[in-house]
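Read off the chains here:
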Amino acid sequence: MNNPLRSDLPAISEIWVYLSGSPLLALVLTLSAYLLGLTLYERSQRNPLANPVLIAVVVVCLSISLLDMPYAKYFEGAQFVHFLLGTATVSLAIPIYKGFASLKGRMSVLLLSLVAGGITSVLTAVGMARWLGVDESLVRGLVAKSVTAPIAMGIAERVQASPTLTAIFAVSTGILGAVLGRYVLDALRVKAWWQRGFALGVAAHGIGTSRAFSVNAEAGAYASLGMGLHGIVGAVLIPQAVGWWF
Amino acid sequence: MIQGLVQLFIFQALGELVSKFALPFIPGPVLGLVLLLAFLVLRGQVPASMDTVGSSILQHLGLLFIPASVGVVLYLPVLQANAWAISAALVLSVVATVAVTAGLLKVLAKKD
Numbered sequence: 000m001n002n003p004l005r006s007d008l009p010a011i012s013e014i015w016v017y018l019s020g021s022p023l024l025a026l027v028l029t030l031s032a033y034l035l036g037l038t039l040y041e042r043s044q045r046n047p048l049a050n051p052v053l054i055a056v057v058v059v060c061l062s063i064s065l066l067d068m069p070y071a072k073y074f075e076g077a078q079f080v081h082f083l084l085g086t087a088t089v090s091l092a093i094p095i096y097k098g099f100a101s102l103k104g105r106m107s108v109l110l111l112s113l114v115a116g117g118i119t120s121v122l123t124a125v126g127m128a129r130w131l132g133v134d135e136s137l138v139r140g141l142v143a144k145s146v147t148a149p150i151a152m153g154i155a156e157r158v159q160a161s162p163t164l165t166a167i168f169a170v171s172t173g174i175l176g177a178v179l180g181r182y183v184l185d186a187l188r189v190k191a192w193w194q195r196g197f198a199l200g201v202a203a204h205g206i207g208t209s210r211a212f213s214v215n216a217e218a219g220a221y222a223s224l225g226m227g228l229h230g231i232v233g234a235v236l237i238p239q240a241v242g243w244w245f
Numbered sequence: 000m001i002q003g004l005v006q007l008f009i010f011q012a013l014g015e016l017v018s019k020f021a022l023p024f025i026p027g028p029v030l031g032l033v034l035l036l037a038f039l040v041l042r043g044q045v046p047a048s049m050d051t052v053g054s055s056i057l058q059h060l061g062l063l064f065i066p067a068s069v070g071v072v073l074y075l076p077v078l079q080a081n082a083w084a085i086s087a088a089l090v091l092s093v094v095a096t097v098a099v100t101a102g103l104l105k106v107l108a109k110k111d
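Protein sequence lines, in the order shown, are assigned to chains W and R.
Residues in the first sequence are numbered consecutively from 0, following numbering that gives the first Met the number 0.
Residues in the second sequence are numbered consecutively from 0, following numbering that gives the first Met the number 0.
In case anyone wonders, no lab produced these hints; they're calculated from the structure.
Don't take each hint at face value.
[What the hints assert, rightly or not] Taking CB as the label site, the calculated pair distances span:
1) W:TYR17 to R:TRP83: 38 to 48 Å
2) R:PHE8 to W:ALA10: 41 to 51 Å
3) R:PRO76 to W:LEU66: 39 to 49 Å
4) R:SER55 to W:GLN44: 20 to 30 Å
[Claimed, not checked] Below, in silico cross-link-like pairs of lysine to aspartate or glutamate (DMTMM-like), each with a Cα-Cα straight-line distance of 20 Å or less:
5) R:LYS105 to W:GLU156
6) W:LYS97 to W:GLU13
7) W:LYS72 to W:ASP134
8) R:LYS109 to W:ASP185
9) W:LYS103 to W:GLU217
10) W:LYS97 to R:ASP50
11) R:LYS105 to W:GLU217
12) R:LYS109 to W:GLU156
13) R:LYS19 to W:GLU156
14) W:LYS190 to W:GLU156
No experiment lies behind these values; they were computed from the predicted model shown.
Don't be surprised by glycine CBs; every beta carbon is placed ideally from N, CA and C.
Okay, chain W solo, but in the shape it has when bound (with noise of 0.2 Å):
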């Protein structure tokens, strides 16, 4: 008699391909390259340059090129993940309220230095790549850059830029400011705390939120606020005012 749990068991090739039809097989390598990012961010003593989102997007372009599984069948699967960008950016709304409660009469201020520093972020990047003639299909993908990675993608389909590229500029961006921006800052002698994490969070978003926030509490708390409102005044601005330039 044949052995029935032997029969029945299907060749690995099989469980594969049923695992790669369904969604679960993108949900855990998304999750688990993300979880071995935070991991070794950790161990790095929250190095910025050790950036767990970075980390993880070169695990899972890896991990699909060697399973020969094309994006659109990745994205696919991870479309669950990707959903809830949208409900991260409405939740945006409780750092941005509870900020309110330390502005101390400075709102016009922060304002006012906001819009300055989105505009010299647009100004300087767009005008150095095409400066040093970057590809134009590139070139849109920086408009938004300096916002907040879920704020920035949605302005990027307005935008017909590539919310993919703006991603990658988007982190790429906050790893640069959460690795530089001391530097700049003590060069301009900025002392104040709040300042200095205003700064970071209007040039740098959500990585250099969480880098003020390990140095100071009241920086980061500043720094949230720039970062939501970077968000909020770029989404209202930015596509109009690539209207008229691009």
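Starting from the known structure of chain W, arrange chain R on it as the hints suggest.
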């Protein structure tokens, strides 16, 4: 916890509706953010369950943009060809943005 998630989804849906029918140039989730912010200001506090859900989502914000970022595999050739110029533009831009924002804050705050 579920209550907080539902509240966030409702504001997200409201934002999408306003974006679709009134302000198509602003992304729906950003309008949801603004509506929620107005709600919180009117209410005077953050509902506890919304605070729990919102904070945990924001704590792992990075996870949520991995799927889109992995799309970078489609752009590798063009990114490689422009790698140095793009890096230079990103570095210059972030340094200038920090400098202008912080510099202006410092000058304006002194005037008060």
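Hints, one by one, checked against the model:
At roughly 44 Å, the beta-carbon separation of W:TYR17 and R:TRP83 lies within the given 38 to 48 Å, and the hint holds. For the pair R:PHE8 and W:ALA10, the beta carbons lie near 42 Å from each other, so the given range of 41 to 51 Å is met. One distance hint, 39 to 49 Å for the beta-carbon pair R:PRO76 and W:LEU66, is violated here, with the actual separation near 21 Å. One distance hint, 20 to 30 Å for the beta-carbon pair R:SER55 and W:GLN44, holds here, with the actual separation near 24 Å.
As the CA atoms of R:LYS105 and W:GLU156 are separated by approximately 35 Å, the hinted pair breaks the 20 Å bound. Between the alpha carbons of W:LYS97 and W:GLU13 the distance comes to roughly 52 Å, so the proposed pair goes past 20 Å and is violated. Among the hinted pairs, W:LYS72 with W:ASP134 is inconsistent with the structure: their alpha-carbon atoms are about 28 Å apart, more than 20 Å. With a C-alpha separation of about 18 Å, the suggested pair R:LYS109 and W:ASP185 falls inside the 20 Å cut-off, and the hint holds.
Our distance criterion of 20 Å between C-alpha atoms is met by W:LYS103 and W:GLU217, whose separation comes to about 13 Å. For the hint linking W:LYS97 to R:ASP50, the alpha-carbon distance of about 11 Å falls within 20 Å, and the restraint holds. A C-alpha spacing of about 16 Å is found between R:LYS105 and W:GLU217, which places the hinted pair at or below 20 Å, so the restraint holds. Of the pairs offered as hints, the one joining R:LYS109 and W:GLU156 is violated, with about 40 Å between alpha carbons and a cut-off of 20 Å exceeded.
With a CA separation close to 14 Å, the supplied pair R:LYS19 and W:GLU156 stays within the 20 Å bound. Among the hinted pairs, W:LYS190 with W:GLU156 is inconsistent with the structure: their alpha-carbon atoms are about 38 Å apart, more than 20 Å.
Consistency note: the structure conflicts with the earlier hints numbered 3, 5, 6, 7, 12, 14.
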